[in-house]
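Colleague: Take a look at the letters that make up each chain.
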Amino acid sequence: MSDHFVRTQSSPTLLPPSSRLGVLQWMRENLFSSWANGLFTVAGLYLLTLAFPPIFNWAFLSAVFTGQDGSVCRADGVGACWAFIDAKFNQFVYGRYPAGEQWRVDVTALLGIAGLAPLLVPNRLPKQWFVGFLLLVFPFLAFVLLYGGTAGLVVVETSDWGGLMVTLVVAVTGIAASLPLGVFLALGRRSKMPVIRILSIMFIELWRGVPLITVLFMASVMLPLFLPEGMSFDKLLRALIGVALFSSAYMAEVVRGGLASVPVGQYEAAKALGLTYPQMMSRIVLPQALTTVIPGIVNNFIGLFKDTTLVLVIGLFDLLGIVQSNFTDPAWISPQTSTTGYVFAAFVFWIFCFSMSRYSIYMERRLETDTQR
Amino acid sequence: MKDNIQAGKPLAPNPLNNPKVRAFVFQLAVLTLVGVAGWALIDNTVTNLQRLNIASGFGFLDNTAGFGIVQTLVAYSEQSSYGRALLVGFLNTLLVAAIGIVIATVLGFTLGIARLSSNWLVAKLATVYIETVRNVPLLLQLFFWYFAVLRTLPLPRESHSLFDMFFVNNRGVFMPAVHVEGSSLLLVGVALFGTVVAIGLRYFIKSQDLPSGRLVLAGRLAPVLIFLLPLLVFFVAGMEFQVEVPALRGFGFRGGWSFIPELVALVLSLSIYTAAFIAENVRSGILSVSKGQSEAARALGLPPGRVLRLVVIPQALRVVIPPLTSQYLNLTKNSSLAVAIAYPDLVSVFSGTVLNQTGQAVEVIAITMTIYLSMSLLISLFMNWYNRHMALVER
Amino acid sequence: MSGSAAGGKIGLLTALEGINLMNSRFLPISLALLVGLVVGFFLYPIFVTPADVTGDQPTEAITSIEGEPAVSVLPVVQNRSTLDHVREKGFVRCGVSQGLPGFSNPNDSGNWSGIDVDVCRAVAAAIFGDARKAKFTPLSAKERFTALQSGEIDVLTRNTTWSLTRDTALGLDFVGINYYDGQGFMVRKELGIKSVMELDGAVICTNTGTTTELNVADFFRSNGLTYSIVAFEKSDEVVAAYDAGRCDAFTTDMSGLYSERLKLANMNDHMVLPEVISKEPLGPVVRQGDDQWADIVRWSLFAMIEAEELGVTSDNADDMRGSTNPAIRRLLGVEGAFGQNLGIPNTWAYAIVTQVGNYGQSFERGVGVNTPLGIPRGLNQLWKDGGLQYSPPIR
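Protein sequences, first through last, are from chains U, D and R.
Here my numbering is used: the first residue of the first sequence is 38, the next is one more, and so on.
Here my numbering is used: the first residue of the second sequence is -11, the next is one more, and so on.
Here my numbering is used: the first residue of the third sequence is 2, the next is one more, and so on.
If you are wondering where the hints come from, they were derived from the structure by calculation, not from laboratory data.
All values reported here derive from a predicted model rather than from experimental measurement.
For every residue, glycine included, the Cβ atom is placed at its ideal position computed from N, Cα and C.
Do not rely on the hints blindly, as some may be mistaken.
To be verified - Covered by chain D, according to a simulated footprint, are these stretches of chain U (three or more residues, beta-carbon under 8 Å):
#, segment
1, 74 to 84
2, 239 to 247
3, 332 to 344
4, 348 to 360
Claimed, not checked - Mimicking DSS-like on lysine-lysine, the simulated pairs with C-alpha atoms at most 25 Å apart in a straight line are:
#, chain 1, residue 1, chain 2, residue 2
5, D, K112, D, K279
6, R, K134, R, K90
7, R, K280, R, K195
8, R, K385, R, K280
9, D, K8, U, K308
10, D, K8, U, K229
Produce the complete structure using the sequences and hints provided.
Modeller: In structure tokens, the structure reads:
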């Protein structure tokens, strides 16, 4: 009777076989799950060993980090000429903006960041104040600071502006002007009035149908002919007008997506409450529509930010333009100068665009969880 | 008003409160505003052109161009007209767009699928590619491929070569050309005929509602009709062909087929850039196909390759195609960046050189914009039709 | 709406919705209107005959028909005087190149120098007595004429070749020649070429939108040589492409070759071929129809040349005021009232010479043999030294 055995404790669990453990198991699952997968892994590794060491060597091991002029970069077997970037860095950021006045650019940038930061991060600060500041006060402040002419500030001609500063001015102006324009166009395109709708569609499709470069060409060589005699725009302003028209068409399409996502019930409820069209749109529909398309707007901004490089074709010096124009500086000519410059510019653009795209993904996730019940 | 009510008359509504009247008035106002603004612009332009004594009209299109173009798909010389130069530029734009779209599609689909691969390394490599390329301006990439890479290529005399038939140097890529003796048009005609027959056969079988096995048969017959038929004609007619290998003569290579560096750089950067976006479209398309579909397919015993090819991709395509179209459109429009590296496309030849030689900015920019606009609208209309054709018919 | 999510992800286009909306019954109407409006907008100014337009604006018609007397009567026309406009602004705005050492080139802090810049400074000195009251707008070859036509700049001093078409069809007036130039070629020394005639089959790089592109075509055609041309939008790009080995030869104005040579990685590996294939008289340009302004610019340039001929320099101008030579006394405003006739101060030429210098000084400072460019005077000697620079008498 007593020879039967009942276990009162669970036995210690055995470890899986060593081949099913840790790194090995991970590799089995993720790298060599099948015959073909193994082949891909090997090919990928081969690609890495082929590409990585030369790039690393070029960028760090045989790179030149300091030097007074291009002679250090002209030696044989030298990699990236970072000394060139170091020497020209100020110019890459401010262009030919006078050295004594560059604090004005810094202050403008700080003001912009101060106004924008509270809007990007979720918090309880009164958002309308910051929006008001950014849309109504900041453009005026920025113009006075950057261009000068009043408040005892020396005038700095826009032909002296350049570098990252111009890139940001074009991109920020483009987005700031295109947002309200885009909202009106999107509303127009969804309007029940045929004239408004057709005009909106025509405007949107016209700008979306042509390349930005022709728009910029038009702005730079034709806009002056459209104006009455004696009136002329600054060259940078012309480019800004072109960029704003172009991006407002794209913005309108993004906003339209948002308007479509607002349920019909919201419109109906607003009308049932007796709200007028402007009240309905500004209080009920647009707040919902614009919130859902924040990722789209950010993506639009990324596109615009990259597109600002095209202004160099019409002779403005944005970041890429100023980097490129320095390749022909006799003091810094070397076989590596242009490659280094392009890599540097690419890196700067990448930092901006990548962080914006991460932000857009973050917002998308947040919005998704917000709408889940 | 009180009187009205007391008199028992119906309340006469203020016409301004009538939505229809208001809409009409508002639209009329906007139309007038747009009309006046448009008129003012036109009026200014006309006055300016006259005051400044600038020549106008489209007569310049018949004038002799007088400049050379490095790559021409149709006969063109310095004595040709500006109109001919316009055609050359337009065809060059189409060429870049066509090659770019093919490469970008293949590369984009590969990358999109790779990014979802179960292989960790492959997925990560695809991610790195996409995130790098997408976030760097296209113009910068174009400059990099053109100026930085061109610099490292050798002079024609020291070309990189493959089998002494394919050559790469800083003047471009050179490869042997195949010339068919006699009428090569005949072969093209036969191939076209084969294509038409193949398509007709497919529609015929489909309309007969025959078992799907026949449809597969039609699919297998297609390559025979399109490729083997011309080959058969070629041998039966006893035609001969010649291979022309490029050879170093004078300053560079002559003979064979060649691609100028501007074309190579433009196609490379356009397709590399656009592929990253297409990859993202493909990825979200595949993710939109419910997991049950691929699980069911696997449960039926389909190998992974066929699950992808026969079940997942056809369903994903419905989601992928609309954004894919806009990528194709973007690529075509982006090809105008050619002007930065002197590839003779529409913008570079026409809005560049011709505009400069004639000074007739209004006409030149108008023609350029109209061409791009019509291209965009045509593609949109075609895709609109295609989309309706492909749309899921729900019960 | 997975489609719109995908569209949102790729950024600019939510194409799915775009295409759906195009289904609306307004599509055909709006498309037709769109194309019609665009075409109409651009075509209108071109096809309208002058009579139609002047009919709309009787006041302008009268002023233009009645001619000169009316000009001084109507305030509208008076506002058109460039001189008044410049006085009002307090500075002269000149269009210059985007950086051509020796002609117009900014240093790192944005100060411009070069012989074209000096002409502009001379105009400022003549009007305001202060050469610093000149501002510079860098322009590409494409923009330069529109910028002048539209009034964005007051005078174009951007190494621009005087040709009949430009003088007549563009509404512009060339007022003088500050540099007699001709088109030349630069090649690598290692090619061992000694003459342009040996360039048969070569690839040639140049700027688009210049007369050089046309000259190359003419030259090669008339000599029965073949060539292919790669034309870039910006001169820096031409240099970069030539330096990367894209072309066998680089062609532009001789002065341009000397100037751009400084931007090559190893300038001693390159040589300028001896032949000059064209005449390129470079000079300042103004808008047509303002004769007073044209005179001011023309005579500012002549004053510099005359000063050199008379031996007046920026260093000895003050002493020369006491000279007994009547020509010098007239130039420096001691005798006569020549400035008054031009509508500017009588000390105009004195201000030019003291603040900018005479033509020879400007030449030697900008492009002369002691500068990195090292260009000998050549054709730009004074007429009495065997060159072409010649000023009509100031009297």
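Colleague: With reference to the structure, classify each hint as holding or not holding.
Modeller: Here is what the structure says about each hint:
1. Counting residues of the segment 74 to 84 of chain U whose C-beta lies closer than 8 Å to any C-beta of chain D gives 6; at least three are required, and the coverage claim holds.
2. Using a Cβ-Cβ cut-off of 8 Å, 5 residues of the segment 239 to 247 of chain U lie near chain D, which meets the minimum of three, so the contact claim holds.
3. Against chain D, the segment 332 to 344 of chain U contributes 3 residues with a C-beta closer than 8 Å to a partner C-beta. That satisfies the three-residue criterion, and the hint holds.
4. Look at the segment 348 to 360 of chain U against chain D: 3 of its residues bring a Cβ nearer than 8 Å to a Cβ of that chain, three or more, so the hint holds.
5. Note on K112/D and K279/D: the hinted pairing holds, with a Cα-Cα distance of about 22 Å set against a maximum of 25 Å.
6. A C-alpha spacing of about 10 Å is found between K134/R and K90/R, which places the hinted pair at or below 25 Å, so the restraint holds.
7. Between K280/R and K195/R the alpha-carbon distance is near 21 Å, which keeps this suggested pair within the 25 Å criterion.
8. The straight-line distance between the Cα atoms of K385/R and K280/R is roughly 21 Å, inside the 25 Å bound, and the hint therefore holds.
9. For the hint pairing K8/D with K308/U, the CA-to-CA distance comes to about 17 Å; that is within 25 Å, so the pair holds.
10. Of the supplied pair hints, the one linking K8/D and K229/U holds, its CA atoms being roughly 11 Å apart against a limit of 25 Å.
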